[in-house]
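Asks: If you want the building blocks of each chain, they are given just below.
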Amino acid sequence: MNLLPWSIYLTMAGALLALAGGRRSAGTARWIALLTAAGTWILTLLAATRFVPGPGLQTLVDVPWIPAMGVRYHLAVDGISLTLLVLTGLASTAGVLFSWNIEERTGEFFALFLTLVAGVYGVFLSADALLFFVFYEIAIVPKYFLIAAWGSTNREYGAMKLALYSFAGSAMVLAGLLWVYACGGAHGFSFGQLTHAAATLSRPGQIVVFALVFFGFATLAGLFPLHTWAPTGHVAAPTGASMLLAGVVMKLGAYGCLRVALPLSPVAFAYWQTPIAWLAVTGIVYAGLVALMEQDLKFVIGYSSVSHMGFVMLGLAAANPRAVSGAVLQMFSHGVIAGLLFAVVGRMVYDRTHTRQLGDLRRMKLYRLVPFATTMFVIAGVASMGLPGFSGFPAELTILIGTWTAAPLWAAVATVGVLIAAAFTLRAIQLGFFGSTGPSSASATDGPGLHAGSAPHLSPITWPEKAGALLLVGATVVVGLKPDLLLDWINPALQSPLLQAVLKGGAP
Amino acid sequence: MIDAAHLWLIPALPLLAAGIGALTPRSGRRLASGAAIAAMAGAFLLSCLALQRALADPAAHLYANFTWFELGDGAVRLGWLLDPLNAFMCVMVTFVSLLIFIFSLGYMKEDANFKQFFCFLSLFAAAMLGVIVANSLLLLFISWELVGVASYLLIGFWFHKPAAAAAAKKAFLTTRIGDLGFLLGLVWLYDATGSLLLFDGGHGVLESGVLGDLATQVLASGLAVPTAISLLIFCGAAGKSGQFPLHVWLPDAMEGPTPVSALIHAATMVAAGVFLVARVFPLFAADQVLAAGPLHALTVVAAIGAITALLGAVIAVAQDDLKRVLAFSTVSQLGYMMLALGVGSWVGAIFHLLTHAFFKALLFLGAGSVIHAAHHEQDIRRLGGLSRSMRTTFVTFAVGMMALAGVPFVFSGFWSKEAILHAASEWDVSHLPFYATLIGVVLTAFYMTRLLCEVFRGAPRSPAAAHAHESPRVMTIPLAVLAIGAVALGFLGTPVWPWLQSRLTGTPIPARPLLEGGGLMGLSIVLVALGLGAGWALYGRRVRLTATAPDPLAAAAPRTWAFLGDRMKFDSLYAATLVRLNAFVAALADFLDRRVWGSAVGFLARFAEFTGVVNSEFDDGALNGGFNAASEDIRRTGRAYSRAQTGETHGYLRTLAIAFVALALLVLLGGVR
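Residue numbers (numbering that gives the first Met the number 0), protein chains in the order written: chain A, 0 to 507; chain B, 0 to 672.
If you are wondering where the hints come from, they were derived from the structure by calculation, not from laboratory data.
Treat the numbers as computed from the prediction; the structure is a model and nothing was measured.
We treat Cβ as the ideally placed atom computed from N, Cα and C, and that holds for glycine.
You may find that some hints are simply not true.
Per the computed footprint, the stretches of chain B lying under chain A, defined by three or more beta-carbons under 8 Å from a beta-carbon of chain A, are [said to hold, decoys possible]:
hint, stretch
1, 144-150
2, 167-177
3, 183-195
For reference, chain A alone in the conformation it holds in the complex (with noise of 0.2 Å):
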């Protein structure tokens, strides 16, 4: 089992190497950088072979790492962590994978991309709220660089919105943390003794530090309304970046309210339950009205991110087990039907044509020019509309389930999402690839991409675009038939105890 420690140590080694080949050559790098991805995620999957599911984290490492604070470097894992660990080790091989054109600085790019999974695969493995907290922040800052120095569309606005976003965030969360290991007198920055710590607050000051702590998660995981940094962050990012951004770092946020902030106080969570899920619902809906209306094919999918992330954020509100497992699955989903749309769009497509407007891109008529791309992006589109077949649908149907057990009237809410998702996405199937959307589209005849000759000529799909896409889709197909292989890791841990203090039964 011990060999997830590895991933950490093993991306950061990784991301040097990266840097140091980079010096070299642009193809070292790469190489440096694919093989690192690959083979954490190869040793990821290898640890989840050997994994035994069951309640409660199962321990790795634990020193002593701040003694005079009771900080420890205690690496842990359970079932959630788990697929969170294959999710991110397949996001980030993709991800190489679609950064593979990157020309400029190659081996700084990958140094940092590197330096953001290993940060992430920290945050997952953490079971010391400090220890956590510091790996948080290491996946925040490289994000900042990578969208800055490697971005498109307005890259400093996005850059610097998603970095005060994410800072102000992580200030609350650490407020929060280090109020209750003060004024709850706790010995060390365990998720258990912070629940304990937390227990001696006053009540009000139980409902401020769980908001502190919620919330500034909740920032990261897209939560309307403190959504705003997702969509500008994603389309000013890099391909490779905004795989990374969809795929695993809103999934920081989102499993830092379920390890972290949900178990700290089950009486604050008891007050601040139906708020979080109004607000989840409401995003679900209204991210999906923005995807509606938006003419950039890449801020589409970033509101489309929001709005699958509402459904993410709904399933630990309703707090039982039925829900918080579909959760953690929509979390796995996400992450790669995202991952996913992003590559098509950003790497497949953007880099290909120069533009996102589904004004222009309508004329193109990409169905002709990349078949391949189109392929993948219905198949991505048909999966992120939750139908059955792909990941999202047993994930989200999870979720209402145990939704509709904890208040119907947010299940159903949350399903006009549902409709309102089928109607952005075929509008982006159709405007953006296929050109026609009814009697309006009269003058998408006089395009250039109708005259023969006058097509533009886009360069064929490469390898590593094809071979990051079918994994993609082969990870969502197989979960999306097979959801017990992480159900069956999730399930187990569900029934730790400190979330067991939260989560009421679900069964009627």
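Let chain A serve as the given structure and place chain B on it in line with the hints.
Replies: Then chain B, alone, in the frame of chain A:
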């Protein structure tokens, strides 16, 4: 011997063919179509075996269940079911699909995407068969959604036509509105019973123990829980089966290739809603037997069915497009089936579903044959005179027309419609649905006569019609086979020999002499004759001479005609209300996100900056140098960042840093608790 555990093979065969079709290169036309047809033939044989097995013991429900995934504190289970209802549906779907696949060989011959067409058709058939053999509402729903996807792909098959792309999207979204109700119904049902299996050794949702428990639950509004769940599930059925007010997508779906219209929008997919309600009929009926409530689910079903039956028939009268007349007639006939379900005769509904599948597929394929011959001319005003040039098509189309119109005794539509009329006349809640069906009978005979006369009689009214000649054998043979079915099928369920009814219910149904319901049957015959006569008087005796000549009814009542021709303005109404409302809300959300949230965040940042300045003045005066140096350090970092940025971010970061330090200090000093 086939058993329930083998039933998955029936959908698996076409699914395999779809996979083969997807992987063959574009030039692999023979392979893709051959695989599709062979798989469908195999599925048909298996279905026949399944039917034989089911009829050996018609009262039994054979099933095989398995766990799909564990769900926190329960499990989601799926399964396959074999009983006469499933088996009859399987045989019908595979047989009709097989004929339509063969017909498509001829119809789609020239199409560049020929192999894709067969791939999609197979995918559709697999999903449809999945709906039928599912022993779990969830598996049914999964297949149901895949049916929707396949239908989207097939309606939009000619996606270069803007109207086809729009129709595909409209069909998908409209049916999805209903499906959301269905999904919520499932979620509720699972929450209430802990299972979505139909039959599961006493724990299935259709079994009396579970239904009995369910029926005792009543909502605050007085509505029984099974009523509410049934109505939610009915939303899904209404969407797929084109029931009012979700019927608007079905006529538009005619933009797809005609074999698609025949398969999906006449014989199978649109019947799935009817099948669904028949499948879970005990659930729909639970509130009548077991619980009192202000409203019964089946009453709503009957009302919606009656409205749809009448509405579709009235609109069909004034359509000038060959396929649209048939589309609205499908809407109307589906209304009949729903009405039958609503008045409690699910057997009558299934009987009509089966006969309708044959004669409507026949009519659509006949229309396809005409359209193919007339170079895609489908305006009935521009056709005409085809009875001479297309003999086989004419004769078979006439058989289909008479079956649909309900011409007595020989044609299957007469018997199945008679079963529905009989059930409606005995319904004790209201007689309105019965009257609606009677009016529908006249109108159906009338508009079908009009259609037949306009298309086949007189002289050709356009060059395309003049040059039409009979379609190839590969297309006419399926027509002939379907025509035989359109006649023969009726004799399986006549009142004198109710074989189908007794097999479906699993209990022997006593035969009743023809004359017992003689009054009703006589009335029905008179009404059909009335419709046929009126149609002949207006369109047969005096044939249309030119394509531009006004319709006799249009001349008599131009405004009503235009209103009906515009499909009673339903589409305009929805465009003016729902679509516009949605656009408005979306625009509002977009505006909020761009302007309001952005400004709010900006305002908060300014506010924090102001507080920060105040705090920093306080800090400078009150705190020692070490902390000052620390903040200075962070400030320097902020400045470094801001070099790449606009001036504003400098302020943001400094604010953030200062606020952060201040907060940490406050906490560490224990000033706040």
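Asks: Run every hint past the structure and note whether it holds.
Replies: Here is how each hint holds up against the structure:
1. 144-150: Answer holds; 3 residues pass the 8 Å Cβ test.
2. 167-177: holds (count 5)
3. 183-195: This one holds; 7 residues, not fewer than the three required, reach chain A with a Cβ under 8 Å.
When the structure is compared with the earlier hints, no violation turns up for any of them.
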